[in-house]
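Peer 1: Put the two chains together into one complex, using the hints given.
Spelled out, the chains give:
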Amino acid sequence: RKEVEQDPGPFNVPEGATVAFNCTYSNSASQSFFWYRQDCRKEPKLLMSVYSSGNEDGRFTAQLNRASQYISLLIRDSKLSDSATYLCVVNVGYNQGGKLIFGQGTELSVKP
Amino acid sequence: GAVVSQHPSRVICKSGTSVKIECRSLDFQATTMFWYRQFPKQSLMLMATSNEGSKATYEQGVEKDKFLINHASLTLSTLTVTSAHPEDSSFYICSATRDSPQETQYFGPGTRLLVL
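Chains as they are written, first to last, in the numbering used here: chain Z, 1 to 112; chain S, 1 to 116.
Among the hints, a few may not be true.
[What the hints assert, rightly or not] To give an idea of the interface, some chain S residues facing chain Z are shown, with a C-beta separation under 8 Å as derived from the structure:
#1 Gln42
#2 Ser43
#3 Leu44
#4 Leu46
#5 Gly61
#6 Phe107
#7 Gly110
The hints are simulated quantities; they were obtained by calculation from the structure and are not laboratory data. Just so you know, these numbers come straight off a predicted model, no measurement behind them. Each residue gets a CB set at the ideal place from its N, CA and C atoms; glycine is no exception.
So that you can see chain S by itself, here it is in the shape it has in the complex (with noise of 0.2 Å):
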């Protein structure tokens, strides 16, 4: 099977401090890279695209230089929410897929921030 971790699970910060969030592809290479968002009782929203090597393609009304994202290698993207505020605490979650962004998606287990 295709494999995503993320790292870590859940973390504790407080407001203004930034917070990275790794997501691993660990037996396949992900040319492609996806960072969700989701909040108590919402469904998933696409908060960027990532392929290895370029610059992340950001989803209207997320602000890019708050979400830093790199994708450095094909198993790997960091998603860094800078001076993270209390509004910010939500569930990111990462996909990847193998050969193409039209492929199925597999999900990492995603991260859970809470900004205190």
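Just chain Z, with the same shape it has in the complex (with noise of 0.2 Å):
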């Protein structure tokens, strides 16, 4: 089972749209969360950290359930410029080094 894994896609959705993606973790000893965006032949840029009580940025609202294990992001209105690869990324801890893993990415396609 891999340690964080995401929604196959791709997400293909015409402008305006919401857009939910899936996340969830094995390591329950995972501290921290986050949400990076990855434009094609770039490098990961930070979207939001998660929370267990929710959090919003705009359009993006991100939450996280640790008793499931469970990482969400909600985008709404989706612009053309949202198209991206959405990475789930989950701190493992301070004990580990802080390492960081990602998912395998969920690419999302706007259209107008």
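Peer 2: Structure representation (structure tokens):
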């Protein structure tokens, strides 16, 4: 079982659609959680951290359920510029040197 | 912000040669730098963690004698792919943290390596 698993893609949606990405992680000792965005042939960029209380940044909402070891990202009113690969990332904890474990990514394509 | 650069951005080399990739933190001192590799259509895989002045810690399955890491200063880490082969062709990305490895990682723009 992969340490971080994401929805297989790609997701092809029209502009304005709402799209949800799901992610599960296997290490219950994981301490922090993130969503990164990666454009084609570029480095990943931090989109947002994810907290148990849920957090929102404009059109983006992230949720964490520690009991289920589940992370989600909701994008509302999607734009063409949201097209990218979205990476679910988990920090496995201080005792392991703060390693980031990346999911395989879910590709999103927003069409006009 | 925290800026991390990598050089070169892309390199093409012949099989059997060695390639050095530099990772620099431009506006902060990086106590820890991480090296990742990403094959096409796959996610980033951590190769090794390096701390200034000490030996790098390699992930399982990564050959330390093939991927030499030197973290000689608080702003520079280098990855040398020795005796490169076509299967080493990949996107190599470094990241750096300011204070401790548990802090936010700032990623470099990556180096695309093609071994012929």
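Peer 1: State the violated hints by number, sorted upward, taking the hints as numbered earlier in the document.
Peer 2: Violated: hint 5 alone.
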